[in-house]
Structures are given as C-alpha cells and as structure tokens.
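Engineer: What follows is each chain in one-letter form.
Number of protein chains: 2
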Amino acid sequence: MLSSSSLPCRTPSLLPNPNPNPNPNPNRSLLLLRPHGRCCRRGAPPVLAMDAAQPFDFESRASDLLERQSKLKIAIVGFGNFGQFLARTFARQGHTLLAHSRSDHSAAAASVGAAFFRDPHDLCECHPDVVLLATSILSAERVLRSLPLQRLRRSTLFVDVLSVKEFPKNLFLQLLPPHFDILCTHPMFGPESAKDGWAGLPFVYDKVRLADADDRLDRCANFLDIFSREGCRMVEMPCGEHDEIAAESQFLTHTVGRVVAKLDLKPTPINTKGYEMLLKLVENTCSDSFDLYNGLFMYNKNSTELLERLDVAFDSLKKELFGRLHDRLRKQLFESSQSLTGS
Amino acid sequence: MLSSSSLPCRTPSLLPNPNPNPNPNPNRSLLLLRPHGRCCRRGAPPVLAMDAAQPFDFESRASDLLERQSKLKIAIVGFGNFGQFLARTFARQGHTLLAHSRSDHSAAAASVGAAFFRDPHDLCECHPDVVLLATSILSAERVLRSLPLQRLRRSTLFVDVLSVKEFPKNLFLQLLPPHFDILCTHPMFGPESAKDGWAGLPFVYDKVRLADADDRLDRCANFLDIFSREGCRMVEMPCGEHDEIAAESQFLTHTVGRVVAKLDLKPTPINTKGYEMLLKLVENTCSDSFDLYNGLFMYNKNSTELLERLDVAFDSLKKELFGRLHDRLRKQLFESSQSLTGS
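So the sequence lines, in the order shown, correspond to chains A and D. Yeah, the first sequence ends on 343 if you go by the UniProt record's numbering, and it's all consecutive. Yeah, the second sequence ends on 343 if you go by the UniProt record's numbering, and it's all consecutive.
Watch out, some of these pointers could steer you wrong.
Straight-line Cα separation of at most 20 angstroms, SDA-like style, residue types lysine to any residue; simulated pairs [claimed, not checked]:
(1) D:K319 x A:E320
(2) D:K273 x A:S289
(3) D:K318 x A:C286
(4) D:K262 x A:C286
(5) D:K266 x A:E308
(6) A:K273 x D:E283
(7) D:K262 x D:N294
(8) D:K71 x D:D119
Rough simulated footprint, nothing fancy, chain D against chain A, three-plus residues with beta-carbon under 8 angstroms [claimed, not checked]:
(9) 240 to 247
(10) 252 to 265
Everything labelled a hint here was simulated from the structure, so no lab data went into it. If you're wondering where the values come from, they're calculated on a predicted model, not measured in any experiment. Virtual Cβ for every residue (Gly too), placed ideally from N, Cα, C.
Please model the complete structure; the sequences and the hints are all you need to start from.
Structural biologist: The following block contains the structure:
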C-alpha cells in the first residue's frame with residue numbers, strides 16, 4: 001500500500017478555467033498555443049488554412065489542450081465494489097483518480113492508476129475538483145462527517161452515486177458549507193447489469209446547487225459528460241421524484257428477488273421461460289449486497305408504502321384463489337344436500 | 001360452420017399397422033408396393049439397385065408410405081387458444097385433424113384444414129387414432145364425461161395437455177374403460193413463449209397406460225414424435241413428480257407475475273434492467289387466462305404449500321427490514337438517553 005503520509009499530490013491541480021470561451025478567434029489563438037497550453041507571442045505569421053497538416057500540428061495540439069482541460073481530478077470516497085466499478089471507466093477516459101476508504105483497497109486503486117489514501121486529510125489536501133461519495137447508503141453520513149472539509153478548495157463539487165436521492169441531497173445541504181457545489185446522481189446500473197457496457201442505461205441526476213459561474217457549470221458538465229460519452233441515457237429529475245419512482249421499480253424488483261430467493265429454488269429439468277426469467281431476476285438482485293437493499297428500504301420514505309401495497313396485492317390474490325375454491329366446494333355441498341332432500 | 005350431422009368422416013381411418021416391421025425384405029417388397037400401398041404380384045422381376053433412379057421411383061414411394069403410416073387422425077377436444085395453437089403444428093406435419101368444442105370454433109378449425117364437430121357423437125364416429133383433451137383444467141372433467149366413449153374404437157389413445165398432471169391422470173383412469181390407452185403430457189410452453197418455435201422447450205410426458213402391442217406403442221411414439229420433430233426437449237416424468245416441480249416453478253412464476261400485476265406498474269423513464277425483467281414476467285404470465293392460473297392452484301395439491309412458503313418468505317424479509325430499522329432507532333434512543341444521563 002502507498003503510505004498516505006509519504007504520498008504528495010502527484011497530479012497538478014487543474015484550476016477551473018476562468019474563461020469558458022477561451023478561443024474567440026481560433027485561427028489566431030491556435031497558433032499561439034504551445035504543447036503545455038502556455039501562450040507565446042513571438043510574431044509568427046497567422047496561418048489561415050486550418051485543415052492542411054502543419055509542421056507543428058497546431059490544430060491537434062489545441063484539441064489536446066481542450067481535451068486536457070475537460071479532465072477532472074476526482075476523489076472517490078468509499079472505494080468498494082461500486083466505486084471501483086466507476087473508477088475503471090473514469091480511468092479509461094483519462095481522469096485523475098484519488099481513492100479513499102476505511103478498508104485497505106490500495107491494490108484495487110493501483111490497478112486503475114489511482115492514488116489510495118487512508119487518511120482523509122491527505123486526500124483533501126490534494127484539492128480534487130470533484131469529491132464523489134460512493135459509500136453504501138448506510139455509511140454515507142458517517143463517512144461524510146469524517147472528511148476534513150476545511151482542507152478542500154471552497155469551490156469543490158460534491159457528487160453522490162447513492163441509490164436513493166432525497167437522503168444524500170438533504171445530507172449534503174445540511175453538512176456542506178454553502179460554497180461547495182452539489183450534484184446528486186444515480187447511475188441505475190452496476191457491475192452485473194452493465195457488464196457489457198453502459199450504453200442505453202439510465203443515469204439520473206439533479207443539479208442541487210451549482211454556483212452561477214461558467215467554470216463551475218463547465219466542471220459539472222464535464223462530470224456528466226463521463227456518462228453521456230459511454231452512451232448512458234441521461235435523465236435530469238428532482239431527487240424526490242426519483243425516490244417515488246425508484247420505490248415502485250428498483251425497490252420492488254429487489255423485494256421480489258429477495259422473497260423468491262428465500263425459497264431456495266433450483267433449476268428443474270422442466271423450466272418454463274417465465275421461470276427462467278424469475279431465476280435470472282433472483283440472481284440479478286441478490287448479486288447486490290443486503291446492505292444496498294436495506295438502504296433502499298430505510299432511506300426511501302416511499303418504500304414502506306410499496307411493501308404495504310405488495311402485501312395487499314398478495315392477500316387479494318390469495319382471497320381470489322381461496323374464494324373460488326370455497327365457491328366450488330359450497331356448490332358441491334349445496335348440490336349434494338339438494339339431491340338428498342329433494343326431487 | 002360445417003354442420004356436424006351433414007359431415008361424414010372425410011378422412012380414411014388409418015388402422016393401426018398390425019406389423020411393426022412390414023418390410024423384412026425391402027428389395028423385394030418395395031417392388032410390390034403401389035402408390036396407395038396396395039400390393040400387387042404380377043411377376044415383375046426384382047430390381048436390386050436401390051440407389052439408381054427407377055422409372056417408377058419405388059424407393060420414394062415406399063418412404064412416402066412409411067411417412068403416411070406415421071400420420072395420425074387426431075381429435076382435438078377443446079378447441080380454444082391452446083388447442084388451436086397445437087393444431088397449427090399438427091396440420092403442418094400432415095396429420096388429419098378433427099376438432100370439437102362447445103363454442104363455435106369452426107372458422108379457426110377450417111383455417112388449419114380441420115373438420116369441426118359440434119356434436120361429440122359425430123366426432124367419435126370418425127374413429128380418431130388419438131383423442132387429445134385440450135380443454136381448460138377447470139372444464140376437463142365435464143367435457144370428458146360428455147364424450148360418447150362407446151362410439152370410439154376400443155383401442156383409442158387418450159392424451160391430455162393440461163398444465164397439471166395428477167388430476168387428468170386420475171380422471172382418465174377413473175372415467176376411461178381399461179381398453180383405451182392413456183398418455184399424459186404437458187407441453188411447457190404456449191402461443192406467447194413459443195412464438196418463435198418450439199425448439200429447446202420442455203415437453204413432459206408420462207405413459208400412464210399403453211396396451212402391450214406394437215401398433216399401439218408405435219402410435220404413441222408417433223404422437224410423441226410430433227414434439228421431438230419440432231425440437232422440444234422431451235422429458236419423461238411421472239405425473240406426481242411433475243406436479244411437485246411445477247408448483248415450485250410454473251405456479252410460483254404465475255403467482256409472482258399476478259401479485260405484481262395488481263400494483264398496476266407503468267414503465268418509467270428510469271427502468272433498471274431488473275425492473276424490465278419484472279415487467280416482462282408480468283406480461284408473460286398475465287397473457288394466460290386467470291382460469292389457467294386458478295387451475296394450477298386448484299388442481300395441484302402442492303400449490304397451497306407453495307403459497308404458504310411464499311407467505312413465510314415475505315414475512316421473514318419484512319421482519320429483517322423492520323428489525324434493522326428498529327435496531328437503529330433503539331440505538332439512537334439509548335445513545336441519546338445515555339448522553340442525557342451522563343458521563
């Protein structure tokens with residue numbers, strides 16, 4: 001493991017770009033850019049033919065610069081299964097990654113080129129652009145309270161990826177000083193459901209609080225762009241609405257999967273297609289931890305109502321079945337009593 | 001509609017072949033066959049080169065004959081959704097079809113080239129090789145009792161395709177005279193799950209009672225061959241074992257689908273993959289009639305136990321969730337009372 005005390009911030013901090021449109025005259029300013037983005041004005045004549053290959057390939061250097069400017073330094077706080085899953089894509093896209101968690105995940109961090117920090121003070125002193133909270137729902141509050149917020153730049157963007165949304169929104173608003181930006185998100189997939197890529201999978205987000213400055217809006221856009229580049233279906237939605245819908249979809253699905261899992265079903269020689277779907281559903285939902293499921297219940301106020309509706313639905317189905325059974329039996333009883341008494 | 005009284009049996013009755021191996025000397029007897037399978041002995045010289053094309057193509061005629069001999073005259077009793085679904089494949093394979101049901105399904109029958117009979121007496125007088133009971137589970141007994149069994153040949157093979165198996169087995173054994181053959185089957189698919197063909201789908205059967213005569217065993221094999229030709233996975237299994245397994249697979253799947261259907265779920269903009277599986281399961285199970293589901297419950301003695309197990313599983317999951325909620329609250333209560341009282 002890298003010792004956090006011996007590890008300085010190895011990556012230069014990317015200061016937010018103070019000018020969101022740095023290139024009002026592209027033909028001219030492209031010429032003035034050097035590989036490392038520093039300006040030089042040495043009286044070189046302006047070159048107007050943009051598409052011809054130039055000896056120093058200014059166009060490609062300029063686009064490299066823009067690409068570099070869109071790269072973020074992201075601190076992933078909570079580097080478990082889901083944090084590592086996200087990190088692999090962040091790293092592939094060229095972002096600088098820092099990782100922090102209570103357990104020692106230094107090997108996993110090293111495998112994606114992320115620096116691992118045990119001490120949150122060291123992490124925060126690296127001045128990440130984005131602090132991404134990727135803990136379990138249950139430990140989110142404790143972990144957030146453990147961060148020395150005063151060591152971060154005051155402009156830091158906080159993002160969460162929890163499967164409920166009202167709870168982290170309120171937690172952020174309550175615990176973070178007003179100078180931090182807040183983006184609540186829910187990538188509605190995981191290592192199992194997105195093993196073939198993220199394309200077409202929903203990514204929900206709510207821009208809870210963003211300072212009205214171009215560089216901070218750009219940074220948020222750059223973060224969201226990580227997911228749109230992978231082909232996610234980007235859905236902007238208030239946290240409250242997310243939780244209402246998610247109780248009826250995600251929490252319900254997990255509940256059904258976990259109830260059926262308790263029956264300890266085996267594949268049979270005579271599986272119907274429907275039964276195979278059910279087995280797949282069980283496999284899919286139970287590959288997530290019980291803590292996640294418990295979090296979906298405990299931290300979504302709509303979940304209790306959903307459980308009650310499910311209870312009512314199950315009771316009503318049983319009543320229909322037993323009612324018909326009773327009807328048939330009663331009919332037989334009456335028929336036999338009629339044939340005894342009469343005609 | 002074809003009037004049943006005006007409709008004689010239009011297809012020649014295919015008498016069971018008394019000799020299961022009719023061709024001990026193929027080179028000789030092939031020569032002696034005529035297109036319609038009648039024998040002639042007019043002293044033609046034997047031809048020994050079987051693979052050369054012959055002016056009268058005896059080889060192909062002989063195989064045509066064998067093919068014709070494997071064709072069955074099948075009376076489908078109960079010509080609803082499922083009976084019609086099976087009939088389409090039977091017809092494509094060249095079997096002769098007769099159909100009977102209380103409702104007028106003469107148009108559907110005509111569309112697959114089947115003769116439709118309103119009057120079961122007319123149907124039975126046609127002497128089908130196979131009587132296939134394809135009613136709903138709930139009406140099976142009433143329909144079977146309505147058939148004039150005395151008009152059938154004593155060697156008739158009775159087959160059912162009900163989704164429970166102990167019940168029709170006992171019904172057949174109880175109501176059919178001992179000279180009839182009995183085969184209980186369950187094609188574990190339907191118009192929805194097998195819309196792309198039957199390949200790989202399970203077909204369960206139990207040879208409940210077959211007279212020990214080659215022609216009757218061959219006829220049963222010919223009937224089963226309809227399903228193996230389509231690529232079904234043929235599973236021979238006692239009726240009791242089928243019902244035990246089916247309660248835990250098919251009835252459970254339908255129950256889950258119908259409970260969830262009662263929640264009246266809609267697709268959302270943020271469907272997870274798991275939730276889409278659940279919606280598909282609902283669609284799949286609710287495309288079958290409630291009568292089928294009710295039949296799976298009422299006529300399978302293992303279903304009540306399955307409902308009870310599901311009840312216990314749901315309760316136990318709720319207890320886990322509410323237990324953890326309570327634990328957390330209690331911890332907070334104790335912590336706050338400790339901080340009030342002391343230290």
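Engineer: Run every hint past the structure and note whether it holds.
Structural biologist: Verification of the supplied hints:
1. Between K319 (chain D) and E320 (chain A) the CA atoms are separated by roughly 26 angstroms; this puts the pair beyond 20 angstroms, and the hint is violated.
2. Our distance criterion of 20 angstroms between C-alpha atoms is met by K273 (chain D) and S289 (chain A), whose separation comes to about 17 angstroms.
3. Using a Cα cut-off of 20 angstroms, the hinted pair K318 (chain D) and C286 (chain A) holds, with the two alpha carbons roughly 16 angstroms apart.
4. About 24 angstroms separates the Cα atoms of K262 (chain D) and C286 (chain A), which puts this hinted pair outside 20 angstroms; it is violated.
5. A distance of roughly 18 angstroms separates the Cα atoms of K266 (chain D) and E308 (chain A); the hinted pair therefore holds under the 20 angstroms criterion.
6. With a C-alpha separation of about 12 angstroms, the suggested pairing of K273 (chain A) with E283 (chain D) holds against the 20 angstroms cut-off.
7. For the suggested pair K262 (chain D) and N294 (chain D), the alpha carbons sit about 16 angstroms apart, so the restraint of at most 20 angstroms is met.
8. With a C-alpha separation of about 25 angstroms, the suggested pair K71 (chain D) and D119 (chain D) falls outside the 20 angstroms cut-off, and the hint is violated.
9. Counting residues of the stretch 240 to 247 of chain A whose C-beta lies closer than 8 angstroms to any C-beta of chain D gives 3; at least three are required, and the coverage claim holds.
10. Counting residues of the stretch 252 to 265 of chain A whose CB falls under 8 angstroms from any CB of chain D gives 12; the rule of at least 3 is met.
In summary, the numbered hints that this structure violates are 1, 4, 8.
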